[in-house]
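*Asks:* What follows is the residue order along each chain.
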Amino acid sequence: MGGIHIKNRWLPYVMIAPTVILICVFKIYPIIASVIQAFLSKDGIPTFDNYKFLFADKTFWNSLKVTLKFNIIIIPVQIVISFIMALLVNAKVKGIEGFRTALYLPFCVSLTVSTVIWQMLLNINNGVMNSFLSLFGVRPIGFLIDKKWALLSIILISSWRGCAYWMMFFLAGLKGIDRSVYESAKMDGSGFFSTLFRITIPLLKNTSLFVLVANTTANFLLFAPVQIATEGGPQGSTDLLMYEAYKAAFVYSNRQRQACIVTILLVIVIGVCVIQNKFMTEKEA
Amino acid sequence: MKYRKMVAFGLTAAMVAGMTITGSAEEKETVTLKWVSQGVGETGWEGITVPILEKFEEQTGIHVEAEFYAFNDLFEVIETKCASGNADFDVMSVDVTYVSKYGSSGYLEPLDGYFTDEEKAKWDDASYTAGVWDGTMYAAPENTSCQELFYNKTLLDKAGITLPENGPDNRLTYEQVADLAKQAQEALDPDGSQGIIGLDFQQVSRIYQMNMLANSMGGANISEDGYSLDGVVNTEPWIKAMTWYQGLVNDGIASRGYDADQLGDLFYSGKMVFMVGGTWTPSNMTCEDEVGCTYAPCFEGYEDQVATSTGSWYFGINAQSENKDVAAEFIKFFTLGEGSDMWLEINGDVPSRLDKQNEIAENPDANDTMKIAAYEAANTAYPRAVTPVFGEYSSVLDQAWEDVRNGADVEETLNYAVEQFDAAVAANK
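Each protein sequence line maps, in turn, to chains B and R. For the first sequence, my numbering assigns the number 26 to the initial residue and increments by one for each residue that follows. For the second sequence, my numbering assigns the number 3 to the initial residue and increments by one for each residue that follows.
A few of these clues could be false.
Within a straight-line C-alpha distance of at most 30 Å, the following computed BS3-like cross-link-like pairs (lysine-lysine) qualify [what the hints assert, rightly or not]: (1) K242/R x K172/B; (2) K373/R x K160/R; (3) K242/R x K83/B; (4) K303/B x K52/B.
Incomplete in silico selection of chain R near chain B, CB under 7 Å [claimed, not checked]: (5) T131; (6) E394; (7) D405; (8) Q422.
To spell it out: a stretch of chain R is covered by chain B in this simulated footprint if at least three of its residues, at any positions, have a beta carbon under 8 Å from a beta carbon of chain B; those stretches are [claimed, not checked]: (9) 81–88; (10) 256–262.
It should be emphasised that the hints constitute simulated quantities derived from the structure, not laboratory data. All C-beta atoms in this analysis are idealised placements derived from N, C-alpha and C, irrespective of residue type, glycine included.
Start from the sequences, fold in the hints, and give me the full structure.
*Replies:* What follows is the structure in structure tokens.
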């Protein structure tokens, strides 16, 4: 009963070649090209000037600060909410499939469309959110035009859709835990929280690690809601690095600046993911 | 054998020649120009330019395939296509502010070889000059533009407000208009539930229109070398103009939260009393309300410094195009020929052509909007910033206007704009 025996030793390589080629052309090559471009002048001469100009730019430092602040808030928020959502839809209740579908539905709406919808809902003049709040005597809030609220609104817009996506991974992880473990715990008198923290969360470690790394990457590279809803404003309060990179490339035509920002983002994302990976692995050991 | 070879050679030569001849004939017959522009939809340029393109095809046999994008998207499309040396389009609509940038970046083909001096003299000097960068003509003006004060007569009548007598030498002041707007709001919408806006700017938070406030107090747009805002925008005229505008928003007379794509529609649908806007405003009205127009206001104490925004769209040839001659033919048709006549008629823009400007001035039946426009274009039009780093300029100052609108400290915002712009253009100096 051995597995499938492949006579031609090259066949597996041939099978994965299209994927590898596509990844190299559309993922690896642009990354390498960007890293190299960051060290070249407009005339193609090697230089550190691009970084010198970037580091002397207050807008960049503000953008970096906003990006870190945004991620420090959104990553734990999305992970906790999506985990709670997964726990809820993992319950054995009649018609749970309907709830699962309802909670997953936001992810089926494109980020662009959902941003436009939220933009209308959060509008200061005629948005539903402000109309609702006015019932309680709350004055209109500039969710997307007030610097106190704008970043939180972007987090809300991204999380509304994002949590649905990450929920599915946690749900798959929860489904993978053997029921007998829960039954044993129950027989030993373990309560809900005890089971949650001593059984469920430890057994979801691999899933959590994946979600953490993938979520970090996705949020550091978030762009659409900012471009559509706030354009980095008000007063630079939502000016994420990806938006700065976009502006550098497509508004300022400054490919060098864009390459520097993208390279810095790449380093940050790799750094954060390595730390997360190390932290999660050490915890297990 | 020798004979067979000769026959084969002859036949091959004939086939190649035949294909070449056929190919050339077909190429001439089926040449298609590709034009990238802005204004999506039936009521936008996409819809209204159809008869003009059909007329051009009828006259020349050249089909123009036009691709329209939203206003802001066009700049990205051009940037992306041109930066990568894309030759898949021939003609582009160029916003006047981007002529210097595209010209200096090598995106546009110089037009001096395609337009004679006689043809160039057919445009007013300001329009022609705005298409020139560093002594080279890169773009031809489609039309120019001008700002006027439009008001909803129906709403003013309902509010029982009559406009004071005014004219080019006795303009309404911005302060007066703001007072009238406030009175109208109080009469028409005392609790604010109708969402009536008192006074606003059609292209809110866009430097094209907002800078005229600072210009009307004597402020300049950019340093002479086109690379600095220091000592230009962090100055009294800008601070006073922005502070006045912020007060207008804080008092609830001007709006907050609507963008430039929405604000015009609010006037067109009868939700705004006064609007500083372009000459196309009356033709865009969607409600039955009667619209009036008058000269652009001035600030109290600055009556001799009236400034109105100007400049509009231009045509340029993609430097990588393989159909440059035909592209130039199309541009001439649209800027000087029958296409231009049709365009001015359809869109109601202010002409860049001197003959058309004279026609308006001399025509006693010309409507007020166009007469005022002709006067403002000749007397108060204030040129936009000329800089090869217009993307940075526009991005920084658009945001500054929007931030001030949303309550940011004026001086802080302007100082930050100076820093942002300096840092953004440092690599270009």
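*Asks:* Next step is simple, just say for each hint if it's right about the structure.
*Replies:* Right, here's what the structure says about each hint:
{"no.": "1", "hint": "K242/R x K172/B", "verdict": "23 Å, holds"}
{"no.": "2", "hint": "K373/R x K160/R", "verdict": "27 Å, holds"}
{"no.": "3", "hint": "K242/R x K83/B", "verdict": "26 Å, holds"}
{"no.": "4", "hint": "K303/B x K52/B", "verdict": "25 Å, holds"}
{"no.": "5", "hint": "T131", "verdict": "24 Å, violated"}
{"no.": "6", "hint": "E394", "verdict": "5 Å, holds"}
{"no.": "7", "hint": "D405", "verdict": "5 Å, holds"}
{"no.": "8", "hint": "Q422", "verdict": "5 Å, holds"}
{"no.": "9", "hint": "81–88", "verdict": "holds (count 3)"}
{"no.": "10", "hint": "256–262", "verdict": "holds (count 4)"}
Hint check: a violation occurs at hint 5 only; the rest are consistent with the structure.
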